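With the hints as extra help, turn the sequences into a complete structure.
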Amino acid sequence: MSAIALPPQGLTPTREQMIRHLRRSNDVARRAITLGHHPFGAVLVGPDQETVLLEQCNIDTVNHAEATLARVAASNFSAEFLWGCTLYTAVEPCCMCAGTAYWANIGRVVYGMSEHQLLQETGNHAENPTMSVPSRYVFDHCQKPVELIGPVEEIIAETVAMQRGFWATRGG
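For the sequence shown, the numbering used here assigns the number 65 to the initial residue and increments by one for each residue that follows.
It should be emphasised that the hints constitute simulated quantities derived from the structure, not laboratory data.
Please note that a few of the clues may not be correct.
Simulated DEER-style distance windows between Cβ atoms [as the list claims (entries may be wrong)]: (1) 180 <-> 144: 30 to 40 Å; (2) 190 <-> 127: 11 to 21 Å; (3) 211 <-> 115: 13 to 23 Å; (4) 233 <-> 142: 36 to 46 Å; (5) 187 <-> 126: 13 to 23 Å.
Because the structure is a prediction, the values reported are computed rather than measured.
Here a beta-carbon is modelled for each residue, glycine too, at the ideal position from N, C-alpha and C.
Below is the structure:
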């Protein structure tokens with residue numbers, strides 16, 4: 065099998081850029097809460113690592129923030145352009161969202177807290193039956209080398225606090 069020819073993935077984000085965009089994804093997650101949805105948000109940043117192209121909050125159990133953002137991005141930008149973009153999300157994408165980012169041709173994903181940490185916060189919650197499948201597993205089985213960065217330590221505590229606070233109000 066021949067290698068897939070891909071353009072460069074864009075500039076490498078600095079730590080400060082990663083933290084800033086992850087915090088913005090938490091702001092989008094807080095917006096989801098005000099709309100009556102679960103606290104997850106995603107932000108798509110252009111190849112310059114500064115320009116925010118799209119933001120998306122969680123909608124429901126099959127329209128997660130990251131997957132919805134990836135589908136909208138794929139409908140509005142070329143695959144070549146998206147390969148240079150970065151999807152930021154404060155909570156590691158589930159396997160559905162990781163797969164959708166892959167198929168949308170988004171070249172880099174950065175997350176704050178891990179899926180495992182989310183499972184610790186939500187437990188066996190009927191509204192969020194978290195799948196214990198790390199996005200690394202999904203990306204390791206792809207033919208294109210999506211760059212995955214996370215967890216980002218500086219964002220974990222504030223993300224855990226938001227998730228813990230939200231799920232504590234939902235009963236079990």
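Fill in: Range hint 13 to 23 Å (beta carbons of residue 211 and residue 115) holds or violated
18 Å, holds
Worksheet item: Between residue 190 and residue 127, is the Cβ distance one that fits in 11 to 21 Å?
Response: Holds, since residue 190 and residue 127 (Cβ atoms, about 18 Å apart) stay within the stated range.
Worksheet item: Can the suggested window of 30 to 40 Å be confirmed for the beta-carbon pair residue 180 and residue 144?
Response: Given range 30 to 40 Å: holds, Cβ gap about 34 Å.
Practice prompt. Could you check the hint for me, namely that residue 187 and residue 126 are 13 to 23 Å apart, CB to CB?
Written response: 21 Å, holds
Discussion item. Please check whether residue 233 and residue 142 have a Cβ separation lying inside 36 to 46 Å.
Written reply: 42 Å, holds
Of the numbered hints listed earlier, not one is contradicted by the structure.
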